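J.: Assemble chain B onto chain A, guided by the hints.
One line per chain: the protein sequences are A and B, in this order.
The opening position of the first sequence corresponds to residue 1 in our numbering, with each subsequent residue numbered one higher.
The opening position of the second sequence corresponds to residue 1 in our numbering, with each subsequent residue numbered one higher.
Since the hints were made in silico from the structure, they are not lab data.
Don't take every hint at face value.
As the list claims (entries may be wrong) - Computed beta-carbon distance windows for the label pairs:
(1) Arg58(A) x Met95(B): 40 to 48 Å
(2) Leu37(A) x Ala105(B): 41 to 49 Å
(3) Leu74(B) x Leu11(A): 39 to 47 Å
(4) Gly71(B) x Met54(A): 30 to 38 Å
(5) Leu53(A) x Asp72(B): 27 to 35 Å
(6) Asp108(B) x Trp52(A): 18 to 26 Å
(7) Pro137(B) x Arg59(A): 36 to 44 Å
(8) Leu29(B) x Phe7(A): 28 to 36 Å
(9) Arg58(A) x Ala80(B): 34 to 42 Å
(10) Val41(A) x Glu75(B): 31 to 39 Å
(11) Gly100(B) x Phe7(A): 46 to 54 Å
(12) Asp96(B) x Ile57(A): 40 to 48 Å
(13) Ile90(B) x Arg34(A): 30 to 38 Å
(14) Arg34(A) x Pro20(B): 24 to 32 Å
Predicted, not measured: the structure shown is a model, and the values here were computed from it.
Using N, Cα and C, we set each Cβ at its ideal position, and we do this for glycine too.
Now for the letters of each chain:
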Amino acid sequence: MLALSHFSAVLLFATFASVVFGITQRTSPKAMIRYGLYCWVMFVGIVIAASWLMWFIRR
Amino acid sequence: MMASKVQVSAKLEEKSPGLPYAALILGWLIPGLGHVLTKHWIRAALLFVSITSMFTLGIMMQGKLYQPNMGDVLEMLGFAGDLGGGALYILGRIMDLGHGAVQVATADYGTKFIVVAGLLNIISAVDAHNLRIGRKPAC
Chain A
1 MLALSHFSAV
11 LLFATFASVV
21 FGITQRTSPK
31 AMIRYGLYCW
41 VMFVGIVIAA
51 SWLMWFIRR
Chain B
1 MMASKVQVSA
11 KLEEKSPGLP
21 YAALILGWLI
31 PGLGHVLTKH
41 WIRAALLFVS
51 ITSMFTLGIM
61 MQGKLYQPNM
71 GDVLEMLGFA
81 GDLGGGALYI
91 LGRIMDLGHG
101 AVQVATADYG
111 TKFIVVAGLL
121 NIISAVDAHN
131 LRIGRKPAC
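Pulled out of the complex, with its shape left as it was, chain A reads as follows:
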């Protein structure tokens, strides 16, 4: 059984989902890369922000 940590699962999820979003939601290759990166940063960034928020709530 593959036991990923929560964060590594997030990184993999963000990477694969961002590739598909980038390709399907934009028309030119340059825009695809830009949008894919934007999605990846948003996926990971929001997870980190939410994690810190939960850490502060727990305190």
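T.: The following block gives chain B in isolation, referenced to the frame of chain A:
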């Protein structure tokens, strides 16, 4: 340019060779195959690797493969999402992959990976269809 802003009327009248829904059906059956049909090789490869990896990781994490059911709404939605995986889901069912009951957190992530892989495959198949019929401009 966002998909919603794509000029729908741009090339709709342009005739696509063969069956108009071939890219949609093949794209659903095997991730990326719809884009192969529209001759977007790199996109096809990236979609195949991303969706197949996501599905495989989900199985490796002992995620649950939903079965056809008429019970809980979430179970039915889970099945609909899984079914989006096309041949991956069919193979998974034939080979009896996946686990029936989620017992550890990792397996829960795995279940979500499998469902999302199916949903992403549907998005990818629709994109291939749009390229095929000319609704989305091919670059």
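J.: Which earlier hints turn out false for this structure, listed by number in ascending order?
T.: 2, 3, 7 and 11
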